[in-house]
Amino acid sequence: MIATAAFYVFAAILIASAAMVVSARNPVHAVLFLILAFFNAAALFLLLGAEFLAMILVIVYVGAVAVLFLFVVMMLDINFAEMREGFQRYLPVGAAIGVVLLVELAAVLTGWKFAPGIATTRAAPMSALTNTAQLGRLIYTDYIFLFQVSGLVLLVAMIGAIVLTLRDRRPSATISRRQNIAVQIARTSADTMVMMDVPTRGPTMAHIKPLVTEPGEELADPIDTHAHHGGH
Amino acid sequence: MNWTVAIPEIALACLGMAILMFGVLSKARNTFHICSLMTVGALVLTAALVLSSNGGLGYNGLFLADSYAMFAKLLVLAAAVLGVIVSIDYNEHNDLRRFEFPVLMLYATVGMMIMVSASNLMSLYMGLELQSLSIYVLAAFARDDLRSSEAGLKYFVLGALASGLLLYGISLIYGFSGSMAFDQLALVLSDSSHASPGLIVGIVFVVAGLAFKISAVPFHMWTPDVYEGAPTPVTAFMATAPKVAAVALFVRVMISPFGHLLAQWQQLIVLIAMASMVLGAFAAIGQSNIKRLMAYSSIGHMGYILVGLAAGTQQGVRGVLIYLVTYVFTNAGMFACIIAMRRRGRAVERIADLGGLWRSDPGMAAALTIFLFSMAGLPPFSGFIGKYFVFGAAMQSGLVTLAVVGVLASAVSAYYYIRIIKVMYFDAPEPAFDVRPASLSIVAGAGALFTLIFFLFPAPVVAAAEAAAKGLFG
Chain V
1 MIATAAFYVF AAILIASAAM VVSARNPVHA VLFLILAFFN AAALFLLLGA
51 EFLAMILVIV YVGAVAVLFL FVVMMLDINF AEMREGFQRY LPVGAAIGVV
101 LLVELAAVLT GWKFAPGIAT TRAAPMSALT NTAQLGRLIY TDYIFLFQVS
151 GLVLLVAMIG AIVLTLRDRR PSATISRRQN IAVQIARTSA DTMVMMDVPT
201 RGPTMAHIKP LVTEPGEELA DPIDTHAHHG GH
Chain P
1 MNWTVAIPEI ALACLGMAIL MFGVLSKARN TFHICSLMTV GALVLTAALV
51 LSSNGGLGYN GLFLADSYAM FAKLLVLAAA VLGVIVSIDY NEHNDLRRFE
101 FPVLMLYATV GMMIMVSASN LMSLYMGLEL QSLSIYVLAA FARDDLRSSE
151 AGLKYFVLGA LASGLLLYGI SLIYGFSGSM AFDQLALVLS DSSHASPGLI
201 VGIVFVVAGL AFKISAVPFH MWTPDVYEGA PTPVTAFMAT APKVAAVALF
251 VRVMISPFGH LLAQWQQLIV LIAMASMVLG AFAAIGQSNI KRLMAYSSIG
301 HMGYILVGLA AGTQQGVRGV LIYLVTYVFT NAGMFACIIA MRRRGRAVER
351 IADLGGLWRS DPGMAAALTI FLFSMAGLPP FSGFIGKYFV FGAAMQSGLV
401 TLAVVGVLAS AVSAYYYIRI IKVMYFDAPE PAFDVRPASL SIVAGAGALF
451 TLIFFLFPAP VVAAAEAAAK GLFG
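As given, the protein sequences belong to chains V and P, one line each in that order. So in this note's numbering, spot 176 of the first sequence is number 176, and the numbers just go up one at a time. So in this note's numbering, spot 80 of the second sequence is number 80, and the numbers just go up one at a time.
Check each hint, because a few of them may be wrong.
[To be verified] Short derived list, chain V residues pointing at chain P, Cβ under 10 Å: (1) Glu104; (2) Ala107; (3) Gly111; (4) Leu129; (5) Leu146; (6) Val149; (7) Val153; (8) Ala157; (9) Ile159.
[Claimed, not checked] A few chain P residues facing chain V, derived, Cβ under 8 Å: (10) Lys27; (11) Tyr59; (12) Leu130; (13) Val137.
Think of the hints as simulated: they come from the structure by calculation, not from any bench. Backbone N, C-alpha and C define an ideal beta-carbon position, used for all residues, glycine too.
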């Protein structure tokens, strides 16, 4: 009884937040609703007794994917209102495809026959093993081949990310912004500054002047300003 | 569990990791060169393992090493070896000398070997992804070149879409049949009443996904841009090894689990084959860039190969395999010549750059002539023999229209192949190309020799293809 009530509560929130994901005007809100949807889906998995999937959903989707989404949405500053401008224009095509899919879905669902006894397989069968252990047994025995190939796919993805983005291999690269602490500490004031005696009419002052100036950048002559101030 | 059936794949993957570690830790200046040679060695060693390995079904029915897979694997490994060899010199000259390059090629090859050995829709998908992901990275390898980055991104986005289609199809097939194993599917579908509309829709999606991978019309749009933008050795690699693997996989999926539904999918394949042949013939005519021309040419060739699959018979599959052998060696040699097109250190890729090649470099002009005549399907070159076997199989299966369209498309395509020959022999001479490195000469020479004299002793290849096709139907 309580499980049924919980199912409907979670399912209702899930659908409502999914609808909000596509209809929210503010993209940050949309991502936050997406996270809410993930949490509710995880709760539904829990009700089915699939606690491992529930935890994976929270850790992977909420912990990694959705947070990345959030960062991207915040950092890219996409103007979603502009992106929606074509919406009216493409509406007929989109609606036509949607109707076709809906009809297909209806055709499938009306012709659907449930095998007798299928209801018992809907939830995880009760067993002495937790389903984490069950999944582990499957992955490391029956599906060890696929598991290892997935590992290779991830290895290739890692190599690819490094090959396409890492830049500090080349000595001439100036794009690399890696901090070299030794160089920073070894830097002395003699490397960057020169103390100069500047003759003035007033009391002699040591003026600090940058050693390197940008070409075309004009340094305000301190003497002039001083003289100017003195003149007033 | 019979884990030994995958020893070649395991060995190649482990050698790949060793080469990767060597590349990371090595302080040598020419790490790229050493890693490339080690990769060639690893591929050759794997080929020896493939030859000596025992066949059979392993890993709980996920992996099947039969004579068909063995044939395809040897061809894939040969194509990969040629791909690595032609890349060495190009990468040295174009500032791409990074040791990850051969390693990625190696992992793409592992993926292809898994593809051709797949006996379950899941292992099919994993192999395909391993192969595709490596090649997406390779296509974008010249990351400071805008065209290369564009090629990589385009290939990646469209490839991900194709993977999505494929996965959707697989999920439909699984949902409507209850299994993803090829032998189980064949068992279920031997009773044609089990072929529900949902299952057929699933098969259509799987065909769409695989047609994308072999760049058959109407899923060919990415091919010219990616071929043109990617670094030329990557294009050479993409045009040979992955095509072999994807075609071998396509044929296995159609024949092995869905063979009983031949009547259902035959029309689809006939349509794709016709469209590919016609588009490959007509769209290539207007091209001035030789890499784009090769892209359209490969679309056309995929059409001819699908003619053999459309026949759906053992003869058809034998024709496909023979065609693949001739295709790989002709294309590898052709691309070796294209990579050798370099003036004052800069790669040139216009067809007009070949003007008067006969006078400045008769050897290269002769090799190109052999490749182009072979691709046009003129006897006695190897391309003719491949076409002879696929069209013969189509005629035997009663697909006369398809064979006639194929022959006509082949005649049209001969126009643009022979136009290049005309440019080489009769146009005003362009400045000579830079001196060719030995590696390119060897690949081009070997390819030309194979293409030229294949008609003298096709028997071993035909017999091996026959045995492989029998293994698939067996």
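Quick rundown of the hints versus the structure:
Checking Glu104(V) against chain P: minimum C-beta separation of about 9 Å stays under 10 Å; hint holds. The interface hint given for Ala107(V) is met, as the beta carbon of that residue sits about 9 Å from the closest beta carbon of chain P, less than 10 Å. Evaluation of the Gly111(V) hint against chain P yields a held restraint, the C-beta minimum of about 9 Å falling below 10 Å. A hinted interface residue such as Leu129(V) counts as satisfied when its beta carbon comes closer than 10 Å to some beta carbon of chain P; here the least separation is about 19 Å, so the hint is violated.
Contact between Leu146(V) and chain P, as hinted, is supported at the beta carbon level, the nearest pair being about 6 Å apart and thus within 10 Å. At its closest, the beta carbon of Val149(V) sits 4 Å from a beta carbon of chain P; the interface hint therefore holds under the 10 Å criterion. Satisfaction of the interface hint for Val153(V) is found here, the shortest Cβ-Cβ separation to chain P being roughly 5 Å, below the 10 Å cut-off. With a cut of 10 Å, the hint placing Ala157(V) at the interface with chain P holds, because the nearest CB-to-CB distance is about 6 Å.
The criterion of a C-beta within 10 Å of any C-beta in chain P is met by Ile159(V), whose closest approach is roughly 6 Å, and the hint holds. With a cut of 8 Å, the hint placing Lys27(P) at the interface with chain V is violated, because the nearest CB-to-CB distance is about 13 Å. Hint status for Tyr59(P) relative to chain V: holds, with the closest Cβ pair at about 4 Å, below 8 Å. The interface hint given for Leu130(P) holds, since its Cβ lies 5 Å from the closest Cβ of chain V, which is under the 8 Å cut-off.
Hint status for Val137(P): holds, given a least beta-carbon distance of 4 Å to chain V, under 8 Å.
The structure fails to meet hints 4 and 10 from the earlier list, while all remaining hints are met.
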